[in-house]
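Novice: Just so we're aligned: the sequence shown equals residues 1 to 295 in this note's numbering.
Hints should not be assumed to be uniformly reliable.
Distance ranges between label pairs, derived from CB positions [as the list claims (entries may be wrong)]:
#: 1; residue 1: L278; residue 2: L139; range: 20 to 28 Å
#: 2; residue 1: V150; residue 2: T46; range: 23 to 31 Å
#: 3; residue 1: Y269; residue 2: A217; range: 19 to 27 Å
Calculated directly from the structure, the hints in this document are not laboratory data. For each residue, glycine too, the CB sits at the ideal point set by N, CA and C.
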Amino acid sequence: MGDSALISVGLPVALAIIMFGLGLSLQVDDFRRVARSPRAVVVALTLQVLVLPVIAFGLVLGFGLDPLLAVGVMLLAASPGGTTANLFSHLFHGDVALNVTLTAINSVLAAFTIPLITNLAIGYFDADGELGLQVGKVLQVIAIVLVPVVLGMLVRSRRPALAARSDKPVRVFSIVVLVVVAVGALLGERENLADYVRQVGLVTAIFCAASLSLGYAGARLLRLDRAQAVASSMEVGIHNTTVALTIALSVLGSTEVAIPSAVYSIIMYVFATGFGFLVTRGARSPRGREPAHAG
């Protein structure tokens with residue numbers, strides 16, 4: 001996957017469509033809901049914005065990753081929760097409304113946290129000097145992440161019927177783009193793929209397991225109910241790897257930086273499914289059952 005028009009133009013356009021679709025599923029009330037369930041939102045966002053990058057940094061140092069792969073893991077850690085977190089939360093009886101709220105806030109925060117964390121990683125690991133997210137590239141990230149979400153929300157407020165009709169096609173398109181880009185990134189580096197997977201496979205697997213577990217355990221420790229804990233777990237564990245892949249390939253122009261996100265995009269669905277079954281099995285047992293209540 002070289003510097004083709006497909007990567008430099010097609011991928012950001014595809015991501016913009018995906019983020020626009022995300023905006024179509026959001027409304028201003030999703031942000032207002034924070035006031036009604038502040039603890040749940042603060043727990044998940046603190047884990048995602050502050051704790052996950054620290055864990056990723058520790059893993060990268062512990063495993064002694066190459067600089068570009070290290071930057072890729074940090075970019076992955078900085079990427080927001082994926083829209084499919086809502087779906088997984090629904091499947092495993094989580095608080096989907098909380099997921100929607102978190103996704104909305106995350107989409108705004110990511111436009112600023114991704115450049116910040118990625119630039120810090122590039123500086124720390126002394127990655128290729130041309131790789132930095134300069135002001136123009138930071139604006140590019142904001143444009144492809146934040147602007148389409150706002151436009152989607154505007155359309156939702158003016159044309160709710162159109163937003164409802166567009167929801168499923170955009171979700172399908174999102175999954176297709178993710179699969180194509182992840183497979184393409186992996187194939188593009190097929191000569192080095194075995195080495196990369198050997199280096200980042202275990203790191204991404206540990207990072208995914210830690211993200212899902214922390215999302216759940218953190219919520220339960222702060223006495224949030226099981227549904228909120230499931231929502232927090234899925235939001236923290238399932239990343240919007242399409243955002244990370246797009247930034248790595250089209251903004252930074254590096255397939256190697258994209259590899260951790262490509263590998264994670266496969267691992268996270270397997271782990272999230274297993275984790276969801278594990279948690280719901282606990283909920284069905286006599287000891288694990290509890291009444292649902294608002295947080």
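Novice: Each hint should be assessed against the structure and marked as holding or not.
Specialist: Here is how each hint holds up against the structure:
no.: 1; hint: L278 / L139: 20 to 28 Å; result: violated (42 Å)
no.: 2; hint: V150 / T46: 23 to 31 Å; result: holds (25 Å)
no.: 3; hint: Y269 / A217: 19 to 27 Å; result: holds (21 Å)
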